[in-house]
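Asker: Single-letter residue listing:
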Amino acid sequence: MSWLAVLVLVLVVVQIIAALFSVWQKDLLLAALGTSAISVVLSVLFYLLQAPDVALTEAAIGVALSTIIFVIAIKKTDRYEE
Amino acid sequence: MLYYIGAISLILIGMYAVLTKKNLLKIVIGLSIVDSGVNLLFISVGYVKDATAPIFSLPSLTADKMVDPVPQALVLTAIVIGLATTAVALGLVIRLYDHHKTLNINKIRQLKW
Amino acid sequence: MEFSPVLYIAIPLFAAFLIPLLGKVSKTLVKLTPGIVFLYLSYGSILLFPKAMEKPIVQVVAGFKPPFGISLYYGATAAFLITMVTIVGFVIWLYSYKFIIREPIEKYYMLFMMLITGSTGILLTGDMFNMFVFLEITSIAAYSLTAFLRDKDGAEAAFKYLLIGSFSSTFYLLSVMIIYSYTGTLNFADIAGKIDLIPPMAKGFVLVLVLVGMGIEAEMFPLNGWAPDAYSQAPSPVGAVFGGIVVKAGLYAMIRIVFLFFKTPEVMQFLIFMGILTLLIAEMAAMRQHQIKRMLAFSSIGQMGLVIIALGIGTMGSTSAALFQMFNHALIKSLLFFAAGYLVFHSGSKQIEDLEGLGYDKPVTSFFFAVGALAIIGLPPFSGFWSKLLILVSVAKAGDIAILLLILTGSVIEAIYYLRAVVKLYTRKEVPDNVRRTPISGLVAMGVLAAIILYVGLYPGVIEKWLAPAANNLLNAADYIKAGLF
Amino acid sequence: MRKAIAILLLAIVGYYFINVFIHMPFGEKREGVGKYYLENTVKETGAANVVTAIVVSYRGFDTLGEVTVLFLAATGLGAILFGKRGEKRRLQGASVIVKTTSMMLYPMVVLLGAYVFVHGHLTPGGGFQGGAIIATGVLLMFMSYRHFNVSHNALTWIESLAGLTFATVGLIGLALGTTFLQNFLPLGTPNDLVSAGIIPIIYIAVGFKVGAELTGVLDNMLKTIR
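Residue numbers (our numbering), protein chains in the order written: chain H, 1 to 82; chain D, 1 to 113; chain G, 1 to 486; chain P, 1 to 226.
Read the hints as simulated data drawn from the structure, not as lab findings. Think of the CB as a built atom: it goes at the ideal place given N, C-alpha and C, for glycine as much as any other residue. Treat the hints loosely; a few may be bogus.
Said to hold, decoys possible - Some, not all, of what chain H presents toward chain D, calculated at C-beta under 7 Å:
#1 Val8
#2 Gln15
#3 Leu28
#4 Phe46
#5 Ser66
#6 Thr77
#7 Glu81
Just chain H, same shape as in the assembly (with noise of 0.2 Å):
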């Protein structure tokens, strides 16, 4: 296994466990930040994936805007689920 393979899999690990936790987090806004973290995530494996053009749609879209929405519905609404 080359470094590269160890990289991959501890990223895919990450956001498998960040995908976890947003859908079992009961605080809404740590779930929105979950979803963030693995747009983070998604946006390094895009690059690795030599595709730079969606690596860098995903961090402007994925990781700011999106989650930005998010955490402003959530305001609009209930930050705890019940």
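With chain H's structure known, arrange chains D, G and P on it following the hints.
Answerer: Frame of chain H; chains D, G and P shown alone:
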């Protein structure tokens, strides 16, 4: 191969959230996780070993050493469409909260599901 | 400049981008825009129609030959359905003109126009991913319009629709991905030629993904849970667009993909089976409804079931009958939604119970509702009679008596609940004086549809002669491949 | 109960997924349109970035649709949240340090966005990314200044004019007797800023449009009263 596993897990986790969660925002979060998974799967399908990004920025780069550009172009579109869907979904969530003062679907349901 | 199929998309898009600017000048201008667009497109369709019937028009976009660029495939089937869509779209606009009084008006017209344009795009495109884009245009416009009244139920119906719709598009996107990864192309004709490159397991998975993804749009059982809510909570003209246009596009997409890539006897059997289930369950559910628009929605699902059966039989006769039925259903269901919209408006209640006596108070609107009801049941002299007859004949020719009986059962149930509603309408009862009138534009819209229904019912030949080329185009995959990859 | 059904359903879906993808080759070269694009893009479109060439030129029709999807989302959100706007935001103004930093960052972020979409045909990035970056910059200002406002009039104009530019560029191709969205400008030398025919024009229009639309979405959501 690892990419496939990661992507498929994301899709399944997202779908699990959509199917079982009771909180509207959680459901939307689930949808966005599914989207991420599909995008990752698509990009990894287009990957070619030891190839470079499909940009001819240096003269030394040649076409036979580049990854497949088509999935990248399609995913670019899919990401933006995913954002659009999320935005509309969140708008609806805000509307529903306005009417019911709750995000729990069990308390909202009026129409038959 | 000669009329080119790409204008079906380009002109509405241009107009949609223009509407916010027009809104700064005057609201009337905004309201007129979609009407002008659809009138022009109907005119173009009629010009183009005979040409497309002879030979499919394949229009290249951006000047790259298929499969490298996106191409639009304007064949006989697409021409038949698109001409229907533009004309029905125009009539629905006419109806909306006075019906929609709620702000934000310019947003309504923009979304309304894009809802129909998205459906046109699905019918027109010859590229798999492009179809996904148009599917999304249609869906996002549909979600927003379902919630347009901004009441409790509307928002809930829209959210439900969005949830199911997202699954639909995700599944479809996955199928595009698997197909691309094996064939390396996205053009329908090109894929159809290379379909054997996909290993059987993956092929089966793609089939399931397409059936589920597009089945949701085509309201196939058991994926149609969103439809009754969306239809009944959206404003009436939008309900008419859903039932008359959007479903047709979804069904066409599903059938086109199945016929091109997966046309095996088992799949056809499966389609017939699902069609029967859809038909019977929907008709039974419609029977139990107390709200008029929900009843119409379930009836619409049932009709789609009937069309799926006829398409599943897959003979020339049954396919043309199915197309004829789609045409009739678009007109008749729009008429029913129009009439129901004003009946609900006048009685102030969505319940069928409360329609009692309106037949005397609002004679013209009620009359149009009755015409629609009789036509959809399939009574002469209305156009619904011919298409139902053709379906039954083709089923009988295929020799399957069980299916014939099941279709008849469905039709009888349908007849019962429609007649029940009509009888309710014409039961005498004192109605409190109601000064509100149905506006002229609404009456004209209904009148136009009723006239076409009656005319086609008296002279079915005007439509029937176009059915054969349209059905042939849908059935004959080899021709599609040849034309699509010149 | 519901969870059990969901898990069962997902197990079936997952089983099929794994079965299909276990056989899917990973990291191998593939015949098909992708190869054609790699070999011919520079010659046919003059763009150095193949992804941009596909997005804007070969599959430009998709991009037109995609812009429309975003446009519809902004419109639909406006329709859904109509009548819920309040001019007063509950958001507190940020501290002086944050304010000053945002004030300094704001023009730079917008400039970066513009750079990204102007160079879309040469480097990674393009209209969508640039537009999104600009919207992020505007968001920064929203967050730190309570009274910061974008003019709705201006947003509408930018959005409409950019959309009309895209559609018009397409229609010019049709009017010249070629096809919709076909290039009608000289291709120039690859890797020059002014090259690749209509691609930069379209991507700049997309950049403005996406930026305006996303700002509109954010503005709509932020100003909704709870």
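Asker: Run every hint past the structure and note whether it holds.
Answerer: So, going through the hints one by one against the coordinates:
1. A hinted interface residue such as valine 8 of chain H counts as satisfied when its beta carbon comes closer than 7 Å to some beta carbon of chain D; here the least separation is about 5 Å, so the hint holds.
2. Hint status for glutamine 15 of chain H relative to chain D: holds, with the closest Cβ pair at about 6 Å, below 7 Å.
3. A hinted interface residue such as leucine 28 of chain H counts as satisfied when its beta carbon comes closer than 7 Å to some beta carbon of chain D; here the least separation is about 5 Å, so the hint holds.
4. Because the closest C-beta pair between phenylalanine 46 of chain H and chain D is about 6 Å apart, less than 7 Å, the hint holds.
5. A hinted interface residue such as serine 66 of chain H counts as satisfied when its beta carbon comes closer than 7 Å to some beta carbon of chain D; here the least separation is about 6 Å, so the hint holds.
6. Annotation: threonine 77 of chain H was flagged as interfacial toward chain D, and the flag holds, the nearest CB pair being 4 Å apart, inside 7 Å.
7. For the restraint placing glutamate 81 of chain H at the interface with chain D, the shortest Cβ-Cβ distance is roughly 5 Å, inside the 7 Å limit, so the hint holds.
The structure meets every hint from the earlier list without exception.
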